[in-house]
Amino acid sequence: MTDLLTAVSIIFIIAGPFLLVANRFKLPTVPLLILAGIIAGLFIDEGATLELAQYGIALLVFSFGLSIQFSAVRTVFADSEVAAVGQVFVIGTLGVGSGLVLGVPLAESIYLGIAAALSSTIVGTALLDTEIRRNLVHGRLAKSIHFIQDLLAIVFLLVLGAGTLAADPIAAQLGYGLALLAAAVLVNRYLFDMIGRFAGGSDELMIISVISLLVVFVGAAESAGISIVVGAFAAGLAVRHEPTEYLGLFNGLESIKDFFVAIFFLTVGALVAFPTLEKLLIVAVLVVLTGVVKPAVATAILMYKGYEARSATLTSLSTDQVSEFALIIAIEALLLGLLSQLVFDAIIFAAAVTMITSSVSQRYDERIHRGLASRGLLRGTYGKIDEWSAVPETISDHVIIAGYGRQGRFLAETCERLGQPYVVIENDPVRRRTVESECAAFVFGDAMESYTWEKANAEEAKLIVSTVDSEPVSRRLLSLEFSADVILRESDRTTALDLFEAGALYVSVSELLAGQRLSQQLQDVLDGKLTPAELRDEQLTDLRPRTDAVSHRQR
Amino acid sequence: MVSEAVLTVDLAIILLAATLVGFIAKQTGQPTVIAYIITGVILGPAALGIVEVTEMTELLSELGLAFLLFLLGIKMRLDEIRHVLVPIVKISIPQMAAVAIVSMGVSMALGFSLLEAFIIGLALMYSSTAVVIKMLTDKDDATSLHGKIDVGVLLVQDVVVVILLAVLAAGRPDDVAEIATTLAVVLTLVAIITVAAIGASRYLLPVVFRRIADNKEVFFLIAISWAFIFVFVSDNINLFLAPLGIEAYMSIEMGAFLAGLAIAQLPYSKELKDRVNPLTDLFVMVFFVTVALDLEPSQLLAYSQEAVIAALVLMPAKFVIFFLLIDWQQFSLETTFLGSINMMQISEFGIIVTAVAVEGGFVGAEVLGFVTLLALFTMSASVYFIEYNRQLFARLRPALSRWDTDDEFEGGGREYRDHAVVIGYDEVTRRALPILAAHYDDVIVVDRTVEHIEALDDEGYDTLYGDFRNSTIRKDAALKKADFVLSSSVEPAVSKALLREAGEDATVFVEAEQIDDAHDLYDHGAHCVIMSDHLAAERLAESLETYLEDEETLMEAIEDDLELLHRSVTFPNAIDHTGGEVDD
Chain A
1 MTDLLTAVSI IFIIAGPFLL VANRFKLPTV PLLILAGIIA GLFIDEGATL ELAQYGIALL
61 VFSFGLSIQF SAVRTVFADS EVAAVGQVFV IGTLGVGSGL VLGVPLAESI YLGIAAALSS
121 TIVGTALLDT EIRRNLVHGR LAKSIHFIQD LLAIVFLLVL GAGTLAADPI AAQLGYGLAL
181 LAAAVLVNRY LFDMIGRFAG GSDELMIISV ISLLVVFVGA AESAGISIVV GAFAAGLAVR
241 HEPTEYLGLF NGLESIKDFF VAIFFLTVGA LVAFPTLEKL LIVAVLVVLT GVVKPAVATA
301 ILMYKGYEAR SATLTSLSTD QVSEFALIIA IEALLLGLLS QLVFDAIIFA AAVTMITSSV
361 SQRYDERIHR GLASRGLLRG TYGKIDEWSA VPETISDHVI IAGYGRQGRF LAETCERLGQ
421 PYVVIENDPV RRRTVESECA AFVFGDAMES YTWEKANAEE AKLIVSTVDS EPVSRRLLSL
481 EFSADVILRE SDRTTALDLF EAGALYVSVS ELLAGQRLSQ QLQDVLDGKL TPAELRDEQL
541 TDLRPRTDAV SHRQR
Chain B
1 MVSEAVLTVD LAIILLAATL VGFIAKQTGQ PTVIAYIITG VILGPAALGI VEVTEMTELL
61 SELGLAFLLF LLGIKMRLDE IRHVLVPIVK ISIPQMAAVA IVSMGVSMAL GFSLLEAFII
121 GLALMYSSTA VVIKMLTDKD DATSLHGKID VGVLLVQDVV VVILLAVLAA GRPDDVAEIA
181 TTLAVVLTLV AIITVAAIGA SRYLLPVVFR RIADNKEVFF LIAISWAFIF VFVSDNINLF
241 LAPLGIEAYM SIEMGAFLAG LAIAQLPYSK ELKDRVNPLT DLFVMVFFVT VALDLEPSQL
301 LAYSQEAVIA ALVLMPAKFV IFFLLIDWQQ FSLETTFLGS INMMQISEFG IIVTAVAVEG
361 GFVGAEVLGF VTLLALFTMS ASVYFIEYNR QLFARLRPAL SRWDTDDEFE GGGREYRDHA
421 VVIGYDEVTR RALPILAAHY DDVIVVDRTV EHIEALDDEG YDTLYGDFRN STIRKDAALK
481 KADFVLSSSV EPAVSKALLR EAGEDATVFV EAEQIDDAHD LYDHGAHCVI MSDHLAAERL
541 AESLETYLED EETLMEAIED DLELLHRSVT FPNAIDHTGG EVDD
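Those protein sequences? They're chains A and B, same order as listed.
Each residue of the first sequence is one higher than the one before, starting from 1 at the first, in full-length UniProt numbering.
Each residue of the second sequence is one higher than the one before, starting from 1 at the first, in full-length UniProt numbering.
You can take every hint at face value.
Capping the alpha-carbon separation at 25 Å, the derived lysine to any residue pairs in SDA-like fashion look like this:
| hint | chain 1 | residue 1 | chain 2 | residue 2 |
| --- | --- | --- | --- | --- |
| 1 | B | Lys216 | A | Gly16 |
| 2 | B | Lys481 | B | Glu491 |
| 3 | B | Lys480 | A | Arg536 |
| 4 | B | Lys216 | A | Ser67 |
| 5 | B | Lys480 | A | Leu530 |
| 6 | B | Lys139 | B | Glu387 |
| 7 | B | Lys475 | A | Arg197 |
| 8 | A | Lys257 | B | Leu11 |
| 9 | B | Lys270 | B | Leu78 |
| 10 | B | Lys139 | B | Gly503 |
| 11 | A | Lys257 | A | Ile195 |
| 12 | B | Lys480 | A | Pro243 |
| 13 | A | Lys455 | A | Leu480 |
| 14 | A | Lys26 | B | Tyr203 |
| 15 | B | Lys481 | B | Tyr440 |
| 16 | B | Lys480 | A | Gln521 |
| 17 | B | Lys216 | A | Asn251 |
| 18 | A | Lys257 | B | Lys270 |
| 19 | B | Lys270 | A | Arg24 |
| 20 | A | Lys257 | B | Glu491 |
| 21 | B | Lys270 | A | Asn251 |
| 22 | B | Lys26 | A | Ile195 |
| 23 | B | Lys216 | A | Asp492 |
| 24 | B | Lys270 | B | Ala196 |
| 25 | A | Lys26 | B | Glu217 |
| 26 | A | Lys529 | B | Gly525 |
| 27 | A | Lys529 | B | Leu433 |
On the chain B side, residues computed to face chain A include the following (Cβ under 8 Å):
| hint | residue |
| --- | --- |
| 28 | Phe23 |
| 29 | Leu59 |
| 30 | Ile222 |
| 31 | Val231 |
| 32 | Asp274 |
| 33 | His439 |
| 34 | Lys496 |
| 35 | Cys528 |
| 36 | Val529 |
| 37 | Glu538 |
Derived by calculation from the structure, the hints in this document are not laboratory data.
Where a beta carbon is used, it is the ideal one built from N, C-alpha and C, also for glycine.
The following block holds chain A by itself, in its conformation from the complex (with noise of 0.2 Å):
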């Protein structure tokens, strides 16, 4: 037995128990991991992991290369949402500013810079997965401005790589990286399913040829001096693929990775020495960096660019912490000795309190926007819904429909049919031009304000339905207590119920009506009275006039 394999049972020993703190209190998994580190870093040898925590690097970077969909980026840079990569600007800024304050060095100030304006996407959307799922306005817009601080994060590694400033190296280093990616795209195109050919459909196999070609591309980035994590993401979008023919790697991967990944973290725990006073300053400052003034500016922006106050506080709400990412930055640079051990540590310590703040301030995000708004801290914004509005002032004895979705078009849709003045209530800047175009009258403003609903005449409205599934927006909409009826949707039965208590005329449930017509279609085929071919021509026939919503953009 090596010394080596003490080192990885010690710290996966002590992680165990932090792990079951992150479960019971759900905590995100990294600053846990990253705690035990620190306390594992008293009894092994600081390095002892540090090679096995450079394939936990490769990895997470290579895992995030597997995870792009270009359709996706497309959308993303076609969005005004690029526009919150400003906030990277203004708040890296801020960080490199206060660093030299604080009398950190340029060169090393530059990497406070970058662990503030980064944010975590594992920590930031894993606690927004509800509403990324529900198709929520945050939820997206979060995913979004993670995925492109990600892909900062990836060309921040590419130029610091170069380890100075100067424009030739980096020229250089740009070339390199452009190479790397290119041979990925051929590897993609014209490798993969060859090697996919020749595995035969050994799962076995599959994984440790593509563990091979993320050493490849990972030595080859290093042969040309450029970052390793450069080669694992190049790696990544080479073997990106569409998963169905591919389960068992694809699995395979996640175990792979999560198994060295964990090292990772705890191997820079590990790495992290005891605090002294200077060090807890640096803390200190980016703590607030990231947990406070990021959130502020993120919102700012998203205010200034159309989104409503909530929609915009949610979203910024989820990037108060230090990215994993800027975790691979620092350890890189203090690898490469452009860090000094003081503002690496400070770093890791901003990293692990802020991304446990984070979960924190995320639990409560409703609570911390109601109560920004009601102090007035997030005014301004009724101008816009007046500008962007289009409601006739003598409407009443109408329908208000909130969401423009998939389910608000079919209902705006029936309306125009029947003759039946409605108005439609939207938030998402994405969908404003669809609205405009479509509907004959529309408020562009956040149902949880009661301006936008004084707006949209709620008070002389015959019925409300919202089609926005959120708990928060249907009570605020019911203590709103308009004379109309009111129409929610919701996917948890147990709240639909409670909603019906609590006034609403109805609760549409999916689930339950798909519910109920799959047992009907079921109990026809088995008891033969259909076909399962009739079935399928029958379902076809049923599909095929309609076309994907506005919603299809989300995918």
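Add chain B to chain A, keeping to what the hints say.
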């Protein structure tokens, strides 16, 4: 300050070469184990000499063996092996003695001295855990009856190796009493750790894993952490016992196995098996490559002719010994044959035992070369015997018929056929269950949430805990033989994989969110694509129309829906289990 760590070239070369040779092997129908061993020979000093064993590769190969045994442990349900425990002990002890005596005889005939022959005998009596278990796993035979016998015998051998290593490591023993003490200490330790593992699996682990099972990442890492506790304790047992004045060693493989065994008794072990498997494959690959990496050609080839002769004699001898002993325990002819033919090779432990003996000054380095070469030969050859064991049996069955006995042991679980598989328990599939149950004898539900599984178990459905993306889960659900498949996954990739794997005649219902996906799935052969959101949109529009035209009718419809909603709350909340809840 830490120095810069670059990734080792050696590991990269090993990976690449193993992949390449692995592909060649796959194309020519050879098992991957062979590919890896050959890779090691090519890369090592015996041929190219471009790769050395580094700390990193050594770690990975140690992890390989440990994970292999951990994985094996995870597969062992005590209820399933209890009945073969006694025969295993009765087979393994005489087997080792017999093989050791035959090996001694053979080596003396080949010109080794008495002491050398004695050490060789001690080294050759084990079969290779790595080869046998890897092959059994690849062939999905580890839990078959002959698989269990082999695994059991290997474990007994493992205990013996550990004891022997402890004795050899202490140098030439002074007297028999010293050997006896070592023996007693090691057995006591194994017993204590076994009791600890079983105790934990009964009292501690169910509580812990019940809580974490729904969190995929934490679940996996905690299991790994658990394995490392055992690895660490077994490895450092000497340090723990030093204050008591006791000297003892345990193999990390033993520890890893017991850690796995403790987890195997939990209902969540299947899922874990699929998670640990890929890591094991990767590490075990490194293990097999490094087996041949240490050898200098001169040492390796000193007794090459003798090694060939010994291999030719010992493999049949081992087979016969196993065959007679297993047959003596009243297993069926097939079990006896398969169980014996799997165990014909010399173990990697043989190399380790000899290496320790060389260090202890019992024998010279050439003996190590002899044993290593012998191990390489026999491992490589036996892989083919294991690969084609069933074909061989079919050929030889007539000749062996006089050993045919009635099997006293029942093996294997039940097989599903023409059943219904339901993937994911949620609001939609929930309502289909009773309908399916009325029509099919077996309805099996696959889900990854502990609460759902427990509720379904209470309702009397067959359940499988795990992620449907894992191939073992699909195999256990017998997807290929299902007559009806219903999936609630909205991931097109999962649905497509399912459509591809389901049988020709099966009726398949899947779910989708987007119309494009639905079309795609129909193209792939789905019979019905459920689209909750679209359905709801239509219904809502209808309700709106009714509301605007005739409020009475709507009120009636609402009453119906409300009643439906009330009725359904008897089951646990099925939708919002992924966490990330909104304010409360």
